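Peer 1: Based on these hints, arrange chains B and C on the given structure of chain A.
Protein chains in written order, with numbering that gives the first Met the number 0: chain A, 0 to 333; chain B, 0 to 333; chain C, 0 to 333.
The hints are simulated quantities; they were obtained by calculation from the structure and are not laboratory data. Check each hint, because a few of them may be wrong.
One copy or two, it doesn't matter: identical chains are merged, so the pair holds either way.
Claimed, not checked - When the alpha-carbon atoms are kept at most 35 Å apart in a straight line, the in silico DSBU-like pairs for lysine-lysine are as follows:
no.	residue 1	residue 2
1	Lys299	Lys318
2	Lys305	Lys199
3	Lys318	Lys74
4	Lys318	Lys199
5	Lys199	Lys74
Because the structure is a prediction, the values reported are computed rather than measured.
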Amino acid sequence: MRTVNEVAERVHARLHGDPNIEITSVSSISSARPGDLIFVDDPRHLPAAFASPASAIIAGEFAKPTTNEASAPLKPLIIARQPRLAFARAAIFLAQAQQAVPSVHPTAHLDPSAHLDPTVTVEEHAVIRGNVRIGARSIIGAGSILGPDVTIGSDCRLYPRVVLYPNTTLHDRVIIHAGAVLGSDGFGYVRDAGCGGYEKFPQIGRLVLEDDVEVGANSTIDRGALDETRIRRGTKLDNLVHVGHNVSIGEDVVIAAQTGVSGSSVIENQVIIGGQVGIADHARIEAGAILGAQSGIPSKKVIRGKGIVFWGTPARPIKQYLKDLATLARLSRT
Amino acid sequence: MRTVNEVAERVHARLHGDPNIEITSVSSISSARPGDLIFVDDPRHLPAAFASPASAIIAGEFAKPTTNEASAPLKPLIIARQPRLAFARAAIFLAQAQQAVPSVHPTAHLDPSAHLDPTVTVEEHAVIRGNVRIGARSIIGAGSILGPDVTIGSDCRLYPRVVLYPNTTLHDRVIIHAGAVLGSDGFGYVRDAGCGGYEKFPQIGRLVLEDDVEVGANSTIDRGALDETRIRRGTKLDNLVHVGHNVSIGEDVVIAAQTGVSGSSVIENQVIIGGQVGIADHARIEAGAILGAQSGIPSKKVIRGKGIVFWGTPARPIKQYLKDLATLARLSRT
Amino acid sequence: MRTVNEVAERVHARLHGDPNIEITSVSSISSARPGDLIFVDDPRHLPAAFASPASAIIAGEFAKPTTNEASAPLKPLIIARQPRLAFARAAIFLAQAQQAVPSVHPTAHLDPSAHLDPTVTVEEHAVIRGNVRIGARSIIGAGSILGPDVTIGSDCRLYPRVVLYPNTTLHDRVIIHAGAVLGSDGFGYVRDAGCGGYEKFPQIGRLVLEDDVEVGANSTIDRGALDETRIRRGTKLDNLVHVGHNVSIGEDVVIAAQTGVSGSSVIENQVIIGGQVGIADHARIEAGAILGAQSGIPSKKVIRGKGIVFWGTPARPIKQYLKDLATLARLSRT
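In isolation and in its complexed conformation, chain A is listed as follows (with noise of 0.2 Å):
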C-alpha cells in the first residue's frame, strides 16, 4: 500500500486533492474498486473515471483547471505530462510495495558452490547448478533450472519453470516469462561432403542479457556458437520468439510474438519488430527501422532507414509493398 501522495512524488506528478488516500492496486476504468488508481490519457474519459470507484485518477495535462476544481472532492488527481508512463511507473512502484519475505524453499536443490544474495527467493523444485551467483532480490520461479556457472543480477525475476543453460548472464531488473529457455544450442552442424550427413558444430559459447531486458513465455535463445549472443539494455521480447546464436540485439529494441532471427544476424538500437518476422542469417536491421508483421529480411540483407517501416517478404518500404499490392490488383482485374 502507498499514499496518493508517494505515488506522484514518485511518478513526478503534481497532485490535487487529499494526499493521505491510499492506494493498492492499478486497474482499468471499467473494472475499478475502491483502492484502485486508473488513468485517463483521452478528455473523453474523464466523467466515468470520477464516476468509478477507483481512490484516484492520473489524468494529462487537459484535466488541469475546471476538471480539478469540480472533482477535488470527489477523488485526488495526479497531473502526468505523460500520463500512461505514469500509470506504468505506478504500478511497478504499487507492486513493489507488495513483496513477499525472501526464502530458499526446501524442495529446491542448491549446488554448495552457488553464491546466493540473502534477500535471493527460490521456489519449489527449483535447480541450482555450480558456481551459479544471484544478486539482492532476484526470484527464481517454481521448477526453473540453473545451469552451472550461470550469473544473475539483482532485482531480477525468473516466472515458473525457465531454464538457463551453463553460463548465461542476465544482468540487473532482467525479467523471463515461464518455460523460456535461454542459452541452448545453436542450429550449427557441419555437412559431410562425402556421405551428405550432419556433424554438430560446437555450441559452447555464451548468451548475455543486459540491464531491463524481458522475455515472454516459451521463448528460446541460443547462446553463442564459439562466442557470445547479446541483447542490451532495456530490450523486450515477446513470447516465442526465437533468437539464434551469435545474434547481436541493441537496446530498446521491442520484439512481438513468434518473430525468429537467425545466427550471426544484427538488430540495432532502437529497432521495432512486428509479430512473426523472420530474420535470416547475417541480415543487419540498423537504428530505429520498424519492420512489419510477417515481413522477412534475407540472409545478409542490410535494412536501413530510421522511423521507416518495411513490409513483405523481401522486405521493402511499406510505400513500395502497397504501391504493389495495389498494382497488381488493378492488373487482376483488367
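Peer 2: This is chains B and C only, laid out in the frame that chain A set:
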C-alpha cells in the same frame, strides 16, 4: 473395457452382431488387434476392416444391408450416420473406463488454503498455490505450477509442466497440453517520449478458458492487461499458438499450429484459422470466416464472410488471391 | 583432456608438431586460451590463428607446406580435408572426455517397473513412469517427464524439462533440448454436422525418433493419431519447430526454427527447410529439395527437385519467384 453394446448405445448408433463382445481400445484398420474398435467412412475400406483382427467396426449407413448380413457372424458392426464422429466419441468413452484412482503425489506441494475436490489427481512435483480451487476428477500433470487464485473446473486435464499464472480460470473439461503457459503478461509497454526507452505497462488482468477448450503443447496465452482475455466454449488451439492480452475468442473456433493473435483482437464463433496465421492488434474476424495458412490480418482490419476463405498478407478472399497470383505469373512470362 | 595426437587420429587427419600437447576444449580464434583447439578454413585467418594463445590448430590442405615449416615450433597443426568437419568431430571427442559419473538423483521419481541401464544419469525432479526403458550412458535432464512405455536408446541426451508422452521411442544418440514436448496429441477433431461443434478424434498413436536426431528447445512433435509419426536417422530440428501427427520425415533433413509441418505430410531424405516455413497437410517434399524461409506449401502439394530452391507462398522455384517480384516492381514503377 466396454461391451460393443455399451459403445453403440453411448454413440446412439445401431448395433448388428453379438452385443457382448468386449472392446478395450480404438485403432486404425492397419494396426488393429483383438479388442480394438475401428471405423470405416469409405465403402472401399470395408473388406479390409472385416479382414482385420479388430473386434468391432463402426461404419456409415452404406454398410447397412448386404454387408451386414454377410459379416454379422464375423464381427459386430455399429452403423452411425456420422461414423467418424461416432468413432471419436467411442474413443473418449473407452478412455474414461481406464482412468486411474485419484491421488495427490507426496512430492507435490499444496498450499494449505488450496481447495481440491477429493477426486482430483495431482502428479509428481506439481505446485499448487494459495486459494487455488480444483473441481471433480481433474488431473494436474507432473511439474505443473498453479499460481495463487487459479480456479479449475471439473474433468479438466493438465498434462505435465503446464504453468497457470495467478488468477487464471478454467471451466469444465478443459485440456491443456504439456508446456503451455496460460495467463502470462501481455506485451505492453509505454514508450518514454523523452529517452525512447520502454516502461512495462501493468499486466494484471485475468484469463478465462470456458468449457471444452483444448490448448496445444507449448502454446502461450496472455492474461488481460487490466481486464480479461477469454476463450469461449469448445474452441481448440494447436501447438505453439500465441494469444495476446485482451483477446476475445468465440465458441467452436479452431486455430492451427503457430498462429498468433495480437492484443485486443476479436475472433467470433466458428471461425477456422490455419497454421502460422498472424492477426495484428484490434482486428475482428467475424463469425464463420476461414483464414488460410500463413495469411496476415492487419491491425484494426475486419474480416467478414461466413464460409469464405481468405489468404495472403494482407488477407483477401482466396479467389482474388489466386487471381492475383495468376496475373503475376502471366505477366512474368511475357 | 586429450593429446593433440589423439585428436588428430580420431578425426583422421595429419598432425604436424608435438603430438603430446594437451587439449581441453575448442574455441574461436578470437576467444582462444591455452588448452584450446581452433580451426581455420580460410588461409587469410592463418596468421591470427598462429598468433592466438590456442594450443593447436586444425586447418585445410592450404596450410600444408610453407606454413607448417615456419609454424611447427609454435603450435601443432592438424591438416584435414574438411577442416570445419574435423573441428566439429574433435569438439565432440573432447566433450566425451569430460562426462560425469552416472547417477540417479534422489529427488527423481522412478516407477519400479522402469528399466534403466546402470550407466544412465537421471537429474533432479525427473519423473520416469512405468515400463520406461533407457539405454547405456543416456542422460535425463532435470524436471523431465517420461510417460509410461517410453523407450530411449543409448547415448541420448535429454536437456532439462523435456516431456515425452506415453509410448514415445528414441533410438540412439538422440539429443532433445530443454522444453521440447514429444508425442503430444495431434490436432484432430471431428466436426458434428449437426451442431457445428468439435469432438476430439483419438490421438493414441506413437512417435519414433531414429538415431542421431536432434530437436531444438521448446519444439513440439505430435504422435500419430492411430498410427505413427516418424523422424528418421540424422535429421535435425531447430527451436520452436512444430511437427503434426502422422508426419514422416526422412534421413539427414534439416529444419530451421519456427517451421511447422502439418498432419500426414511426408518430407523425404536430405531436404533442407528454412525458418518459419509452413507445410500444410498431406504434402510431399521430395528428396533433396530446398524450401526458402517463410515459404508455404499448400495442402496435398508435391514439391520435386533435388537441389532446387523454392520460395514464396504458394512456393515456386526461386527463379520464378524472383522474376515475379521483378515484374511487379517494374509494373509498379510505370
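Peer 1: Taking the hints in turn, state whether each one holds.
Peer 2: Taking the hints in turn, this is what the structure says about them:
{"no.": "1", "hint": "Lys299 <-> Lys318", "in the structure": "both (23 Å within a copy, 19 Å between copies)"}
{"no.": "2", "hint": "Lys305 <-> Lys199", "in the structure": "between (38 Å within a copy, 23 Å between copies)"}
{"no.": "3", "hint": "Lys318 <-> Lys74", "in the structure": "neither (48 Å within a copy, 57 Å between copies)"}
{"no.": "4", "hint": "Lys318 <-> Lys199", "in the structure": "between (43 Å within a copy, 31 Å between copies)"}
{"no.": "5", "hint": "Lys199 <-> Lys74", "in the structure": "between (64 Å within a copy, 26 Å between copies)"}
Hint violations for this structure: number 3 only, all remaining hints satisfied.
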